[in-house]
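K.L.:
Protein chains in written order, with the working numbering: chain A, 4 to 261; chain B, 174 to 409.
Keep in mind that a hint or two might mislead.
[Claimed, not checked] Not close to chain A: a few residues of chain B, all C-beta gaps over 10 angstroms, as computed:
no.	residue
1	LYS194
2	LEU229
3	GLY238
4	GLY244
5	LYS245
6	PRO255
7	THR263
8	PRO265
9	SER267
10	GLY273
11	GLY278
12	LYS283
13	GLY303
14	LYS320
[Stated by the list, open to error] Ranges between beta-carbon positions, derived for each pair:
no.	chain 1	residue 1	chain 2	residue 2	range
15	A	PRO78	B	PRO382	42 to 52 angstroms
16	B	GLY291	A	GLN211	20 to 30 angstroms
17	A	ILE236	B	ARG257	42 to 52 angstroms
18	B	ARG364	A	VAL87	36 to 46 angstroms
19	B	ASP384	A	PHE76	46 to 56 angstroms
20	B	SER197	A	SER51	58 to 68 angstroms
21	B	GLY186	A	SER80	20 to 30 angstroms
22	B	PRO382	A	GLY29	23 to 33 angstroms
23	A	LEU144	B	ASP384	27 to 37 angstroms
24	B	PRO228	A	SER51	40 to 50 angstroms
25	B	ALA393	A	SER80	39 to 49 angstroms
[As the list claims (entries may be wrong)] Listed next, the in silico DSBU-like pairs over lysine-lysine satisfying Cα-Cα at most 35 angstroms (straight line):
no.	chain 1	residue 1	chain 2	residue 2
26	A	LYS257	B	LYS194
27	B	LYS349	B	LYS194
28	B	LYS349	A	LYS257
29	A	LYS257	B	LYS297
30	B	LYS296	B	LYS233
Simulated from the structure, these hints should not be mistaken for lab results.
From the three backbone atoms N, C-alpha and C, an ideal C-beta is built for every residue, glycine too.
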Amino acid sequence: MKTALLMGLILGTLFPLMGIFVVTRGMAFFSEFIAHSAILGGALALLSGVEPTLFLLPYSVFLGLLASSVWGFMPLSRDTVLGVFYGGTVAGGLILIAWKGLGQTSLMQFLLGDILLIRPADIWLSAGLLTAFIVLLRAGLRRLIKVSFLPEMAWAEGINVRLYDYALIGITALGVALSIKMVGVLLANAMVVIPAASAKILSRNFRQFMLMAPLIGVLSFTGGIALSFYLNIPSGPTVAMVAFAFFLLSLMLKAIHG
Amino acid sequence: MTEILRVEDIHAGYNGKQVLKGLSFAVRDGDVLAVIGPNGSGKTTLLRAMLGMLPLGAGKVTLFGKERLRGKDKEALISYIPQRMELDRTFPISLGEMLGLNKRGAEMDKYIDMLELGGLLSKKVGDLSGGQMQRALLAYAVMKGPKLLIMDEPTSWIDQKGADCILCIIEEFKKKGIAMIIVSHDLSVLRSVATHVLGLGHEGYFFEPADSPLMSEKLASLFGTLHHGERLVCPI
Numbered sequence: 004m005k006t007a008l009l010m011g012l013i014l015g016t017l018f019p020l021m022g023i024f025v026v027t028r029g030m031a032f033f034s035e036f037i038a039h040s041a042i043l044g045g046a047l048a049l050l051s052g053v054e055p056t057l058f059l060l061p062y063s064v065f066l067g068l069l070a071s072s073v074w075g076f077m078p079l080s081r082d083t084v085l086g087v088f089y090g091g092t093v094a095g096g097l098i099l100i101a102w103k104g105l106g107q108t109s110l111m112q113f114l115l116g117d118i119l120l121i122r123p124a125d126i127w128l129s130a131g132l133l134t135a136f137i138v139l140l141r142a143g144l145r146r147l148i149k150v151s152f153l154p155e156m157a158w159a160e161g162i163n164v165r166l167y168d169y170a171l172i173g174i175t176a177l178g179v180a181l182s183i184k185m186v187g188v189l190l191a192n193a194m195v196v197i198p199a200a201s202a203k204i205l206s207r208n209f210r211q212f213m214l215m216a217p218l219i220g221v222l223s224f225t226g227g228i229a230l231s232f233y234l235n236i237p238s239g240p241t242v243a244m245v246a247f248a249f250f251l252l253s254l255m256l257k258a259i260h261g
Numbered sequence: 174m175t176e177i178l179r180v181e182d183i184h185a186g187y188n189g190k191q192v193l194k195g196l197s198f199a200v201r202d203g204d205v206l207a208v209i210g211p212n213g214s215g216k217t218t219l220l221r222a223m224l225g226m227l228p229l230g231a232g233k234v235t236l237f238g239k240e241r242l243r244g245k246d247k248e249a250l251i252s253y254i255p256q257r258m259e260l261d262r263t264f265p266i267s268l269g270e271m272l273g274l275n276k277r278g279a280e281m282d283k284y285i286d287m288l289e290l291g292g293l294l295s296k297k298v299g300d301l302s303g304g305q306m307q308r309a310l311l312a313y314a315v316m317k318g319p320k321l322l323i324m325d326e327p328t329s330w331i332d333q334k335g336a337d338c339i340l341c342i343i344e345e346f347k348k349k350g351i352a353m354i355i356v357s358h359d360l361s362v363l364r365s366v367a368t369h370v371l372g373l374g375h376e377g378y379f380f381e382p383a384d385s386p387l388m389s390e391k392l393a394s395l396f397g398t399l400h401h402g403e404r405l406v407c408p409i
């Protein structure tokens, strides 16, 4: 339980901060694709005997960069490329699971998350990623804002917009891969989007947004983990439902106060 | 006078169609180059090609003596204000936060007042009009202190008072020796601040000093129509 709560604290901070820029750069479907592609990644990990998180980290980054290269250089929109890769990886994963009989229990844990799967190594890796992201934000927040809101200006003025996009792709891929054990494939993307969306409704400026989003994320993760532990229900849906409840609360507060 | 930009015989276009063919000109510090031309003549294409946002089919662009100016050098030396911005208007970020204008020095207050931005800095970007955003970007460019300022239709979203204000700021930049390239349909830009004019047409181009005695003839050949007041009446 303590391990899971600590993981929730880290992911609850990381995901909404990622989510701010993921949503601004129109990458919400990208994080959904990375999460669902883990069905194939997880199946390959189980077949090869490699610890799933260690397999998913390079796998997710590789897949994310591969997809971004395809939409960057082919006459296809980003959503089309992601849709194609999404279909291919999910189909491939499900075929492997059925063909090799990888087990209902493993599949359900993978799809819905299970806090009992979290190891100390997962916490160290997540903490490392959060630290790296905070360092990136502190060093390059002004540029990240420019890349996110005024990309043409940023590009014209010599900022390597593509590099920032690749960095965001890499961090998102790693973050989603690290979260699979806790929230599962089906709802990982929900935790990227929902806390950031709740904070967006309530925030008057960017500073408030940067503070409120991780606060809602941490409350969602820790509240959801505690509830899933005591009610003995899968952690992924519980965390996502608590986040959704915060979203509904945000809507009510906005409606009341304007 | 230092040469800021040299464009040599460039060809550029989209999807196999050449929009710019054999274009050559130069900009020195203190120059204000007005780029004019009918719709589709390649004005925005030229800006994108100059800034390295569009690959060249042929020719060379040299910025501050370098063929490949990039990174922090480019960021420090160049400011670009696009014609249109696709902003996420629902995003909770204030104007001051987005452009870093909240952390300005005292000398910036003069420009904030001139551009009537004082009351807007705390407003969400989504609540601003296109013209207000345009003025804010100009203030940001001032704060940055570039050596080359490139503006694509800076007065197109703005009323006459705002346009006059922008022309005042352009004059101030001119006195400071900042080179400027301004794409505009507005002849008041050409008449009041430009030192040179680059006219792009579908059949060719011209590059002349703004006070050239041939200017009226060149403009007429480019647009083939009468001028009414300060705005060109284009055939397209």
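K.L.:
Between GLY186 (chain B) and SER80 (chain A), does the beta-carbon spacing fit 20 to 30 angstroms?
P.N.:
22 angstroms, holds
K.L.:
Falls inside 42 to 52 angstroms, the C-beta gap from PRO78 (chain A) to PRO382 (chain B)?
P.N.:
43 angstroms, holds
K.L.:
Is 23 to 33 angstroms right for how far apart the beta carbons of PRO382 (chain B) and GLY29 (chain A) are?
P.N.:
Once the Cβ atoms are compared, 45 angstroms apart, the range 23 to 33 angstroms for GLY29 (chain A) and PRO382 (chain B) is violated.
K.L.:
Find the nearest Cβ of chain A to the Cβ of LYS194 (chain B) and say whether that gap is larger than 10 angstroms.
P.N.:
LYS194 (chain B) clear of chain A: closest Cβ-Cβ about 23 angstroms, beyond 10 angstroms.
K.L.:
Grab the minimum beta-carbon distance between LYS283 (chain B) and chain A and tell me whether it stays above 10 angstroms.
P.N.:
LYS283 (chain B) clear of chain A: closest Cβ-Cβ about 23 angstroms, beyond 10 angstroms.
K.L.:
Run the distance test for LYS296 (chain B) versus LYS233 (chain B): straight-line Cα separation, threshold 35 angstroms.
P.N.:
Between LYS296 (chain B) and LYS233 (chain B) the Cα gap is close to 43 angstroms, so the pair fails against 35 angstroms, i.e. violated.
K.L.:
Does LYS257 (chain A) lie within 35 angstroms of LYS349 (chain B) when you go C-alpha to C-alpha?
P.N.:
48 angstroms, violated
K.L.:
Taking the CB of ASP384 (chain B) and the CB of PHE76 (chain A), does the distance hold inside 46 to 56 angstroms?
P.N.:
47 angstroms, holds
K.L.:
Taking the minimum C-beta separation from GLY238 (chain B) to chain A, is that value above 10 angstroms?
P.N.:
15 angstroms, holds
K.L.:
Does PRO255 (chain B) clear chain A by more than 10 angstroms, comparing its Cβ with all Cβ atoms of that chain?
P.N.:
Its Cβ does come within 10 angstroms of chain A, the nearest being 5 angstroms, so this is violated.
K.L.:
Under the criterion that the straight-line Cα-Cα distance not exceed 35 angstroms, is the pair LYS257 (chain A), LYS194 (chain B) satisfied?
P.N.:
55 angstroms, violated
K.L.:
Do the alpha carbons of LYS349 (chain B) and LYS194 (chain B) lie within 35 angstroms of each other, as the hint requires?
P.N.:
It holds: about 33 angstroms lies between the C-alpha atoms, which stays within 35 angstroms.
Consistency with the previously given hints fails for numbers 4, 5, 6, 7, 8, 9, 10, 18, 22, 23, 26, 28, 30, ordered from lowest to highest.
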